[in-house]
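*Asks:* Work out the full structure: start from the sequences and follow the hints.
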Amino acid sequence: MKVLVTVKEVAEPDDDFAIEGTDIAASDLEYDLNEWDDYAIEAAVQLAEAGIADEVVAVTIGPERAEETIRMALAKGADRAVRVWDDAFEAGFSDVAAKVTTFEAVVEAEEPDLVLGGVQAADTGFGATGVALAERIGFEHAAVVNDLEVDADAGVAHVHRELEGGVEELTDVDLPAVLTVQTGLNEPRYASLRGIRQAQRKEIDATDLSDLGLSADDVESALTIASMYEPESESDAEMIEGDAGESASRLAEVLREKGVSA
Amino acid sequence: MSVLVVAEHRRGELRDVSYEAITAGRELADARDGDLHVAAIGGDLDRFAEDLNREGVDAVHAVGNGEEFDHNVYQSAVGALLEETDAGTVVIPNSVNGLDYAPAVAEAHDLPLVTDAIGFEYDDGLTVTREMYGSKVETTVDVAGDRFVLTVRGGEWAPAEGVGDATVESVEVDHPESGARVTGFEEVGSGDVDIADADVLVSVGRGIEEEENLELVEELADALGATLSASRPIVDNGWLPKNRQVGQSGKVVTPDVYIAVGISGAVQHVAGMKGSDTIIAINTDPNAPIFDIADYGIVGDLFDVVPELIDEFA
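These protein sequences, in sequence, are chains A and B. Position 127 of the first sequence, counting from 1, maps to 864 under this note's numbering, and the rest follow consecutively. Position 33 of the second sequence, counting from 1, maps to 270 under this note's numbering, and the rest follow consecutively.
Note that these hints are calculated values from the structure, not bench results. Keep in mind it's a predicted model, so treat the numbers as computed, not measured. It is possible that part of the hints are untrue.
Now the stretches of chain B that chain A is said to cover, found in silico as 3 or more residues with beta-carbon under 8 Å [what the hints assert, rightly or not]:
id, region
1, 280–291
2, 341–351
3, 472–479
4, 523–532
For glycine and all other residues, C-beta sits at the position ideal for the given N, C-alpha and C.
*Replies:* Okay, here's the thing in structure tokens:
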């Protein structure tokens, strides 16, 4: 079977950052593979190593800069990658439907049996693309999966869904399916030097919307970011100043007042 | 235009977010001169319908399909209620199960979706307040059109109270045979130690960097007679067992003293410890959200501060 992994390059602000307009200044952002997607890649590669998946394809919506990130997926064991970008995505904040429309076109071309992606992206935190994609392409789905066993012969994925409060739901999901992967599902590997070398030779298919038979109108977003600001700190904490020794000594005083002692 | 709120329940109990979603839904309905419809889908419907009939609720729809959550049933039920009522808007708790069907509802009915709302305003249209970049910033998001699906974060709206005079309607909906079948539940995180019983917790997060550095916080916990707990990344890495995890998917704790060491304070973590009597945070990032709920804070390197603190109690 074929596994498609959706991957996002996410932006992480530096400790000190400035807001310019409706986003954080580009110079104050670092880019990295989305943490949740790292677990999705690992799950897909493990399926390939177990002989369950014949091919693992990573797909991302991102500018040329994102090639570094998608190459990480290749270095960790994905067979090839598709990167979709278009001027239309530069116009503003893409909503879930715009991403789903793009991924739908990739799914039509790739015909995967299983789509894996992270539960959410660390930067935007919508947590919605996977489940919406499943609805669009007529796949079954399960959100927030933290245990996965695929029975390809039976066409079923046995999953645990991590609910709140230390409870897991055990669910059998018919394939084809989209599963959104929670951190902790596995132990994502570091790319080996050999993997990194091999990734240089693997194919990244760079496409735009017209290659996928889409136009800018198809990815028009219903959402606009109107403002961005740092929330006012609600802190009324007593901030303990001084060097490590001084602050530890003041903190010890506080702890003793609260009755803490071994 | 009316608003439909979908209640959430699990294993026979309505979850608190259901009442909070009713409050959010009532605000929206008021802004749009509409009615507030609430759907209870599956489970003990007579009891749920009575409990959900809070002040401001105009109609409760009790959808009699199954006991536990099944996203196919929820999707079909919400679809049927969108057709049956004049509700053009759906409010759903931003929970693990909410996010297992809300995006599909939005997709199926071609409605814009905004998740994890922490506030909103409605004038000519909807403007949602939500966080981005791991709670470091807030954004306001304008939504095109007057129909949409909104998921609301728990703990941001007060729970609806009182008793309303809602009509109660029983509904059965047709739904496709489910391709996702719940076979059971598992409690995780039981074990030798129950961190929920501890009076003093030393809780360690990503700032500890390496597994071998855990010795340092173990030593601190010993020196203070405290129990060791952790935030999610430590448990994801397998450095401590699941029964030590504080947060939404782990344990909710309310000790006398909670010492957060190298924990930034993501919303999922805070949900599990904000009820502690005294919260102490040690973190290098002065903007870390943990300081927003702390009573005492030290902006500093845990590797400098913790050894000194151990010495104080040696």
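*Asks:* Evaluate each hint against the coordinates.
*Replies:* Here's how the hints hold up against the structure:
Coverage of the region 280–291 of chain B by chain A is violated in this model, with 0 residues showing a Cβ closer than 8 Å to a Cβ of that chain against a need of three. Residues of the region 341–351 of chain B lying with their CB closer than 8 Å to a CB of chain A number 8, which satisfies the three-residue condition for coverage. Coverage of the region 472–479 of chain B by chain A holds [criterion: at least 3 residues with CB-CB distance below 8 Å; count 5]. A count of 7 residues in the region 523–532 of chain B with a Cβ less than 8 Å from any Cβ of chain A is obtained; the coverage claim is therefore met, three being the minimum.
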